[in-house]
Amino acid sequence: MDTGELRQRYAGIRRRRILFLLSLVGILILLTGISVTLGSAGLSVGESYLAIIAGIFPGTFEVSDLAETIVWDYRLHRVVFAVLAGFGLAAAGTVMQGILRNPLASPFTLGIASAASCGAAIAIVLGAGFAGGEYLVVGNAFLFALLAACVIYGMSRYHGMSSETMILAGIALMYLFSAVTSLLQYFGTANQVQEVVFWMFGSMGRSSWLKVAIVGTVLAIAVPYLMLRAWDLNALAEGDEVAASLGIPVERSMAIFMLIASLVTAVVICFCGTIGFIGLVAPHITRMITGGDHRILLPASGLVGAVLLLGADSLARTVLAPTVIPVGIMTAFIGVPFFIYLFMRRGSSRW
Amino acid sequence: MKSPALLILIICLLALTMPAMAGSPSVERSISTPVPGSEFTVTLVIDGIQTGGIVETLPEGFNFAGTACPEGSWSLKGDTLAFAVTNMTEITYQLRAPEGALSGRITGVWEDFLNETTGTVSATEAGTTAPAEGTPEPTASGCMALLPFLALGLLCILMRGGRT
Amino acid sequence: MRRLLLLCLAICLVLPASAAIPGDLDGDQTVRSDELSAAILTYLDGRYQGGDAGLTQQEICDAAYLCEYHDGRAWSVTDTSGRETVLTSPLRRVVVFNGETIETLRSIGFDTTRIVGVDKYTSEKTAFFPEFTDTANVGSVWSPDYEAVLALRPDAVFLYGTTSKSSCDGIQETLAASNPEIRVFRFDCYIPGTYMQEVREIAEITDREEEAEAFIGFYTSVMGEISNKTAGIPESERPDVYFEYWHDYQTVSNGSGYDEKITLAGGRNIFHDESGSSPEIDPEAVIISNPDLIIKLAGKSLEFGGYKGTEISEFKTVYDSLTARAGWDHLSAIKNGRVHLIHSDILGGAQHFIGTSYLAEWCYPEKFQDLDPHAIHLRYLHEFQHLEGLTPDEAAFTYP
Chain A
1024 MDTGELRQRY AGIRRRRILF LLSLVGILIL LTGISVTLGS AGLSVGESYL AIIAGIFPGT
1084 FEVSDLAETI VWDYRLHRVV FAVLAGFGLA AAGTVMQGIL RNPLASPFTL GIASAASCGA
1144 AIAIVLGAGF AGGEYLVVGN AFLFALLAAC VIYGMSRYHG MSSETMILAG IALMYLFSAV
1204 TSLLQYFGTA NQVQEVVFWM FGSMGRSSWL KVAIVGTVLA IAVPYLMLRA WDLNALAEGD
1264 EVAASLGIPV ERSMAIFMLI ASLVTAVVIC FCGTIGFIGL VAPHITRMIT GGDHRILLPA
1324 SGLVGAVLLL GADSLARTVL APTVIPVGIM TAFIGVPFFI YLFMRRGSSR W
Chain B
5 MKSPALLILI ICLLALTMPA MAGSPSVERS ISTPVPGSEF TVTLVIDGIQ TGGIVETLPE
65 GFNFAGTACP EGSWSLKGDT LAFAVTNMTE ITYQLRAPEG ALSGRITGVW EDFLNETTGT
125 VSATEAGTTA PAEGTPEPTA SGCMALLPFL ALGLLCILMR GGRT
Chain C
37 MRRLLLLCLA ICLVLPASAA IPGDLDGDQT VRSDELSAAI LTYLDGRYQG GDAGLTQQEI
97 CDAAYLCEYH DGRAWSVTDT SGRETVLTSP LRRVVVFNGE TIETLRSIGF DTTRIVGVDK
157 YTSEKTAFFP EFTDTANVGS VWSPDYEAVL ALRPDAVFLY GTTSKSSCDG IQETLAASNP
217 EIRVFRFDCY IPGTYMQEVR EIAEITDREE EAEAFIGFYT SVMGEISNKT AGIPESERPD
277 VYFEYWHDYQ TVSNGSGYDE KITLAGGRNI FHDESGSSPE IDPEAVIISN PDLIIKLAGK
337 SLEFGGYKGT EISEFKTVYD SLTARAGWDH LSAIKNGRVH LIHSDILGGA QHFIGTSYLA
397 EWCYPEKFQD LDPHAIHLRY LHEFQHLEGL TPDEAAFTYP
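Protein chains in written order, with our numbering: chain A, 1024 to 1374; chain B, 5 to 168; chain C, 37 to 436.
Calculated directly from the structure, the hints in this document are not laboratory data. Just so it is clear, CB atoms sit at the ideal spot from N, CA and C, and this is done for glycine as well. Keep in mind that a hint or two might mislead.
[Said to hold, decoys possible] Covered by chain A, per the in silico footprint, the following chain C stretches (three or more residues, Cβ under 8 Å):
| # | region |
| --- | --- |
| 1 | 302-313 |
| 2 | 320-328 |
| 3 | 358-370 |
Generate the whole structure from the sequences, applying the supplied hints.
As structure tokens, this is what we get:
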């Protein structure tokens, strides 16, 4: 095989990846466009779009008050939040899988999601927390998630920052926080238990423009940084020694990546509850198509996560309308069959 | 004994124990004056007991001489006389006083099976030589009333004991 | 084979004797008055006259009770689970696992000193159940403290009838295995459809038929008045009601007790046909259906008001947040001021008839002008629950 052929093949691969990325963007836009028209209010497709435009450029179109309220105060922020949350969870999952070199790594395996559930349970059952009023549960979930991240960081530093220590620490924390959550559920009343369980299912219904802004800001800072350091992720994914030999400060990089991933996960989970599978499945799906290069993998899996979550939420809202099924259940039902299909179809290549 | 002080004491004690009587089940006993050698009647007045039992302990020398209660509702055994109380407000029975000057005390306990409580019937002195004023009046039964009455009885016995 | 049959027959003959009625001498399952007298004498003989111990005090009291209230026969009662229990003695030491049944026992004048064990939720309600603050705590139907129950030597245990069926079945089986003498009764005491029947059955168990009829008269006068006035109203003329649970956009549908009460009050729950008894609903659906009446539930997760009477100002806060929801200013319920909060203390449980009368008043203000739910509430507390000292403010239970 000569250079020219290699170059051609590589160009072909690059083309395919870019095509995949662009088609993902296309799918996402399409899905967003569809999601915005879904809802029990019975608005026509045209009405919904007009309402969006009228909201951005007031006075351009005549839209009923009701339509504008529905679209801007109920639908739009939910759709945008689903996109951002899906992107954030998938990106966090990709980063974690990269630095831990473990296909099972996800916000759940590191105990962050369990810690958030524990914080929420404490807020619900004991009524104790750091923030007051409606942000009681949110504040607790966020702080506990970060607490878990710090504990893992601390334990890893003590024992040496390697993927094994992080995973072990993460698993231990996951079981610990799950046990505390179960204990709280045991002592809680039936209503409190139901509340905790509902919180753990995850729901996009609690979104608001403020929350969209918060999550958006965090992502706007984290994602570009991750993109910049994507090459370091590639190196880390090859192994600690390889990365070190390439001049990457291994321990510091791992710590930073882990903290960023934890922060993104925490800020998403605290608002919408623990939504599983996105962080685990989206990176795998993407990797099967684009390969392991994080410069493409990161944004692509983010987009896949966004599509997954938005699709799941849209289905959850419409399948039994007007009843809303918890979105965490839907993500499993959508993500897992697709994942199995891809898994069966791929060759014997490494994950 | 003709001590007016004792009479006043009796009346005061009676006044104190009266309130304990109101509302709760009770059994009161009264007797006709015993004459040596002949029968006298003992009357039990039952208040507030629908289904229950009374057991009287007869003093030595005083023999049971019959009762108007139907067969199967009373039973004599040794010196104890048991009555089954079923919706009756009065039970009478006869005792034969001993020849000569003998005295004794009739005691009793009652049980109320519906209210699931028990109590005692205050002791009655039955003596052929018992002086008039010294005879304890029928008073309220119930544990609270018993104490001052026992004290009174003791007082009477002591006084009488001084005589003989 | 024949021997086996004979053995079984012999056992069957012996068994009734083990469930014998104390005082029944001739085995005819009845204690006649002459048998009673004989039994009394036997007992007195054994106790005071030095005879053999024939009957225990409890047995003779049982016999007297049977003669007095049931013509000397055992009596049987069927509870909500359909099980028939034959009773040969009164209830003396009762353990109750559900507060609704305790409330009902109070309403019919049962001697509450005979309740020797209560569930933990009743123990905690010091305002409503002041006489049980020192009573033994036996846990709850989901985590019962069997040792506590057995240590109390109860002769009767009350459990839920149809709720938490597996938990209650488990408790019933366990108790039967350790002590078959304990009589287990299953009553819900909070479901409108079965409550009156249950009151009658409990009255039969405890022989308080008179007081029970007085309470039934009171209850049916309230619920009957409501149903009479709402009976003929066709579906289309009933007010559309949006009922919200403690959580935003969680509503009730058929299968939920609150849905039943809305229907009883003459309203129409707009989400009656949804699946799951308390589903989360798309906020748009509420706006689109434009309900006539909006009711939000307070209590439990929205911890204020009720019998605890804490933080009554929270009612207004929640009310304001309801009316401030985006797009809700267009709803006719908001414009007409037909938004109400009600506390679960009077809408759930045995006091549901009080809450239902509030609901009826809100659904049909003109029809039920003379209905005074607060007066009904106070009458219930003072006359039937014997809580003369408890006169809660209406503002602790409903708003506005």
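For this session: Would you pick out the hints that fail for this structure and give their numbers low to high?
Result: When the structure is compared with the hints, none of them turns out to be violated.
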